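**Q** Sequence:
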Amino acid sequence: MIKVRTLTGKLIEFDVEPTDTIEDVKKRVEEKEGILPAQQRLIYLGKQMHDDVKLGEGGVVADATLHLVLTLRGGAY
1 MIKVRTLTGK LIEFDVEPTD TIEDVKKRVE EKEGILPAQQ RLIYLGKQMH DDVKLGEGGV
61 VADATLHLVL TLRGGAY
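Residues in the sequence shown are numbered from 1 upward in steps of one, following the numbering used here.
FYI, nobody ran anything at the bench for these hints, they're computed from the structure.
Note that the coordinates shown come from a computational prediction; the quantities given were computed from them, not determined experimentally.
Among these hints, one or two may not hold up.
Unchecked claim - Under the rule of at most 30 Å between Cα atoms (straight-line distance), these lysine-lysine pairs were calculated in the BS3-like manner:
#	residue 1	residue 2
1	K47	K27
2	K32	K10
3	K47	K32
4	K3	K54
5	K47	K3
6	K27	K54
7	K32	K54
8	K54	K10
9	K27	K3
10	K10	K27
11	K32	K3
12	K47	K10
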């Protein structure tokens, strides 16, 4: 199990496997919170996790907490 902390401080728990990817976690966050995966960034130990990284390969351990940050779409000035 891992936890994802949202911007409001809410903790969401997910049962995961080491072979699950960050993209898999983002899809599950979308199911619970309605935030599109493309708008999510997941941070673990101060590093942004890329979508294709498997949790086990990224060093994400049981009971880890990932922090959810939203990507803002910028415009040209």
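**Q** Please name the hints from earlier in the document that this structure breaks, with their numbers sorted from lowest to highest.
**A** Nothing - there is no hint that the structure violates, so all of them hold.
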